[in-house]
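Novice: Residue numbers (the working numbering), protein chains in the order written: chain A, 1 to 521; chain B, 1 to 491.
Because the hints were derived from the structure by calculation, they are not lab data.
Warning: the hint list may mix true and false statements.
[Unchecked claim] Under the rule of at most 25 Å between Cα atoms (straight-line distance), these lysine to aspartate or glutamate pairs were calculated in the DMTMM-like manner: (1) K349(A) <-> D397(A); (2) K61(A) <-> D370(B); (3) K130(A) <-> E393(B); (4) K128(A) <-> D468(A); (5) K206(A) <-> D42(A); (6) K394(B) <-> E66(A); (7) K419(A) <-> E396(A); (8) K287(B) <-> D312(B); (9) K496(A) <-> E53(B); (10) K464(A) <-> D438(B); (11) K394(B) <-> E127(A); (12) K244(A) <-> E44(A); (13) K206(A) <-> E81(A); (14) K422(A) <-> D393(A); (15) K323(A) <-> D454(B); (16) K496(A) <-> D50(B); (17) K214(B) <-> E381(A); (18) K496(A) <-> D294(B); (19) K21(B) <-> D50(B); (20) K61(A) <-> E397(B); (21) K47(A) <-> E183(A); (22) K496(A) <-> E68(B); (23) K473(A) <-> E53(B); (24) K47(B) <-> E501(A); (25) K51(A) <-> D264(A); (26) K339(A) <-> E321(A).
[As the list claims (entries may be wrong)] Reference listing, derived: stretches of chain A covered by chain B, where coverage requires no fewer than 3 residues with Cβ under 8 Å from a Cβ of chain B: (27) 139-149; (28) 246-257; (29) 267-275; (30) 430-444; (31) 473-479; (32) 487-493; (33) 499-510.
[As the list claims (entries may be wrong)] Chain A residues, not near chain B, derived (Cβ > 10 Å throughout): (34) K119; (35) F331; (36) V346.
Just so it is clear, CB atoms sit at the ideal spot from N, CA and C, and this is done for glycine as well.
These are the residues of each chain, in order.
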Amino acid sequence: MPLKLTLPHRHYRRRRSFRPKKSQNNVNHVMASEEEKKAVFDTESAKEVVKELRASFAAGKTKSYEWRSTQLNAMLKMMEENEPQIVAALRDDLSKPELESSIYEVAMVKSSCRVALKKLKHWIMPEKAKTSLITFPSSAEIVSEPLGVVLVISAWNYPFLLSLDPVIGAIAAGNAVVLKPSEIAPATSSLLARLAADYLDRSCIKVVEGAVPETSALLEQKWDKILYTGNGRIARIVMAAAAKHLTPVVLELGGKCPVIVDSDINLQVATRRIIAGKWGCNNGQACISPDYIITTKSCAQTLVDSFKCELERFYGKNPFESKDLSRIVNFNHFARLSKLLDEDKVSSKIIHGGERDEENLRIAPTILLDVPQDSLIMTEEIFGPLLPIILVDKVEDSFDVINSSGTKPLAAYLFTNNKKLKEKFVATVSAGGLVVNDTTVHLAEHTLPFGGVGDSGMGAYHGKFSFDTFSHKKAVLYRGFACDAFVRYPPYSRGKLRLLEALFNGSFFGIIRALLGWFKS
Amino acid sequence: MGIEVEKKAGFDTESAKEVVKELRASFVAGKTKTYEWRRTQLTAMLKMMDENEPQIVAALTDDLSKPELESSIYEIAMLKNSCKLALKEMKHWMMPEKAKTSLTTFPSSAEIVSDPLGVVLIISAWNYPFLLSLDPVVGAIAAGNAIVLKPSEISPATASLLAKLVKKYLDCSCIKVVEGSVPETTALLEQKWDKIMYTGNGRIARIVMAAAAKHLTPVVLELGGKSPVIVDSGIDLQVATRRIIAGKWGCNNGQACISPDYIITTKDYALELVDSFKCELERFYGKNPLESKDLSRIVNSNHFARLLKLLDEDKVSSKIVYGGERDETNLKIAPTILLDVPQDSLIMNEEIFGPLLPIITIDKVEDSFDLINYSGAKPLAAYLFTNNKKLKEKFVEKVSAGGLVVNDTTVHLAEPTLPFGGVGDSGMGAYHGKFSFDTFSHKKAVLYRSFAGDAAVRYPPYTAGKLRLMRALLGGSIMGIIRALLGWSKP
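Isolated chain A (complex conformation) (with noise of 0.2 Å):
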């Protein structure tokens, strides 16, 4: 029975079109592709992706060092050359300003392809393992086998990087890839089969397009393991489908991400961080972007003041004229945003901010004072550029704050010197991952495992981890036929089950005595 993902309607009638540029050497696949967006992909078309990618992997051509490495310097390749369309795709779904798309997007791909090609040797090498008395004479290793055959969901707000870099890590790890890009982002998404279809090796990795009937032909197959990157809601369908086959899945969520905001700090350099990490980050529709903030009374005002002035060192007096703010993605989210905006009581709480351009789907970057927690905006994660502050007493009381929410977001943030405060974030607060005095940047260092826990999601991913997680560790102990422990073996006897005991306590004096009262008997 098809599963059934339910999206609104709306999102459809204002979706935007997308002509991909026809160049003369890609003409035949720019075709192909046209064409497979207008025959249905369904259940079949699907089991059929499968079944080939299924032999391509059989066969044994993703498990080569060559191969993997080949298909990472295409994609380097494939960037090297495209770094224009992909910005001019990239503006097209997002208004995602040119330094964005190239940085967050292009650049962190770019590492991430470095990063394997780098280790990747180093990567694949089986793990040695101590063996222990009990198996004496042995040695044993753990290697890192591909699982096999791979489904990567991606999300619209970041439509480049989080396709590609999971299938980069599948990719690392020996996998055929099937890419499914979010239909949000249309632009990005034919983009991103077009281009795959040119540079990647396209009998072990393919780009599905479409929207819910293909994502559920999709989630009907066997697959080796699922990464889905974006909402709790989806997250659950996907995870279900997965149950009906034992796949396991990568989950990568959201959440209310809080900063907490400290007294005694370079406010101008907190401030702008924040800033950065919110409407620096495709306007606040990021995954980790800070979410609300938590400071005290005292500081309130202060904070409250400097954001306006950094805010309009950096977007103008007119925030809408700002060509350095992603506009918001389709009319779906806006009325999402008026929606938390325009909530009785919170409407008045608005205190920078709160402008709105539906035509070119614009809110001003908006800020809230002392919110009611229970307001839909303290609720639900906003995903855009408002930003709401909680105020209480004592900077402390802002663990109790978070942790009332009963949800562990992606992240946290905290701004602070307070050495004793810093312990305490750490050792309270329970988020995918922790920044001290920035936002969002911990998500750059590929040595930090990058995913959520409880509904942020499970399992992570980013340098070795992407290689792990899609990767069987696979444990191998290996013997000889000398040294037979004739103690494992019938008849059992009082003597024979001292000596192995002696054996699993691995102590020499244990064995010792045991064989001296097997020998006295």
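We have chain A already, so just place chain B on it with the hints.
Specialist: Chain B alone, transformed into the frame defined by chain A:
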């Protein structure tokens, strides 16, 4: 008495809610987080085993007629080792792991902190009811969680004993045992857990994962499969045979997730192998194995009937070359070997989980890899007996299973440095040793920065110069940064 009352009153959704509520309160109060609490619980568990070994052995005898040696070693001694290792290494495991940071966030420092997940559910199995209940609990405690353990009702004596001992020795405000079967398990699965670990079969695993999906609860599923044994020629046949017997009939009479399920060997070698089995089986279990005290019984009449169905299938019953005797009253089936059963027989399509060992023959030993992969389902373990180095390499390269052993069976379970878990149909996730600690932890990334060295290039208004510098910064090369600063890199 408290426990008896719980059993009689229905353990329904309300009860399950109450239990989770209580454990969550304990967790939030920080009870389980301290090193002292974790150490106290693990030490208490060791004491529990030291003071109750005869009772544990008696319960296992009751539930499975498990031989004392198997109970003492493969259940109790294994668990004691698990506890001791956790006690020894826990301080080290709990320490945050430093992580290098790059030029992109310079100056900064970072670490990965292991946080307890919260309140976890462990659903155990009936075949190693003591080990498979408490071994995961050891990991959950070491990682600082509150726990509900749901032992299998198919081994009721051990379930009751666990409930009694846990209540007596461990901290009941943080660790609870809930007994029962389908209704109780269903009630538990409706709750929101921070992790669920399930050991058992694929059918129930799907139900567990579907229930977990509703709450976005991560799961570890320790399942099974048909663990094959490839037997090459040119080996020490006696040792190989003994080790296969020890892994099969010596492990709860074949009722173990990593027991050798079936053998693949060459047509040329088959008869020699069969003769070796006959010889060693008699040496181990005597002429009348139904009377041997060193074999577990079949756990219950359900499984007894299931195994008979495998044996009695027309195209299979004629392939018995050894054993086949049964004693329904005492739920015993003699060690049975079958030669050359058809690939489409039931016995070759279901996990056997009993004392029946089919031998499949092929022309060349290398053909065995295709045979194993042909089934499409990846087993929990696979074994190879050979002295041929190239064959070992090919085995490790081609056979996908939870774990592999060359020249032995099942013993990899005893090495805590090896992750124990399945892949594909045999499961997801792993535990044992530090892997247990990790599986019940959230690895929280923490990045520390200061206010110094603020990179103005991040901030709007964006310019081509800032773009150049940012690109260089992310590129990580000092030369690149200098070039960008001097305006020499491309826009």
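Novice: Now look at each hint and say whether the structure bears it out.
Specialist: Evaluated hints:
1. K349(A) <-> D397(A): 22 Å, holds
2. K61(A) <-> D370(B): 17 Å, holds
3. K130(A) <-> E393(B): 20 Å, holds
4. K128(A) <-> D468(A): 16 Å, holds
5. K206(A) <-> D42(A): Holds, because 15 Å separates the two Cα atoms, which is no more than 25 Å.
6. K394(B) <-> E66(A): 19 Å, holds
7. K419(A) <-> E396(A): Given pair K419(A), E396(A) holds - Cα atoms ~13 Å apart, limit 25 Å.
8. K287(B) <-> D312(B): 23 Å, holds
9. K496(A) <-> E53(B): 17 Å, holds
10. K464(A) <-> D438(B): Holds: K464(A) and D438(B) sit about 16 Å apart, inside 25 Å.
11. K394(B) <-> E127(A): 18 Å, holds
12. K244(A) <-> E44(A): Distance of about 18 Å is within 25 Å: holds.
13. K206(A) <-> E81(A): Holds. K206(A) to E81(A) sits at ~20 Å (cutoff 25 Å).
14. K422(A) <-> D393(A): Within the cut-off at roughly 18 Å; holds.
15. K323(A) <-> D454(B): 23 Å, holds
16. K496(A) <-> D50(B): 19 Å, holds
17. K214(B) <-> E381(A): Within the cut-off at roughly 19 Å; holds.
18. K496(A) <-> D294(B): 13 Å, holds
19. K21(B) <-> D50(B): 32 Å, violated
20. K61(A) <-> E397(B): Distance ~14 Å between K61(A) and E397(B) Cα, so the pair holds.
21. K47(A) <-> E183(A): This hinted pair holds, its Cα atoms lying about 21 Å apart.
22. K496(A) <-> E68(B): The hint holds at about 11 Å.
23. K473(A) <-> E53(B): 35 Å, violated
24. K47(B) <-> E501(A): Measuring from Cα to Cα gives roughly 17 Å; hence the hint holds.
25. K51(A) <-> D264(A): With Cα atoms ~61 Å apart, K51(A) and D264(A) exceed 25 Å; violated.
26. K339(A) <-> E321(A): 24 Å, holds
27. 139-149: Coverage by chain B holds here, the residue count being 6 at a Cβ distance below 8 Å.
28. 246-257: holds (count 4)
29. 267-275: holds (count 5)
30. 430-444: holds (count 12)
31. 473-479: holds (count 7)
32. 487-493: The restraint on the region 487-493 of chain A holds, since 5 of its residues have a Cβ under 8 Å from chain B and three suffice.
33. 499-510: holds (count 5)
34. K119: About 13 Å separates K119(A) from the closest Cβ of chain B, which puts it past 10 Å; holds.
35. F331: 26 Å, holds
36. V346: Label holds. Min Cβ-Cβ 27 Å, cutoff 10 Å.
Checked against the numbered hints given earlier, this structure breaks hints 19, 23 and 25; the rest are met.
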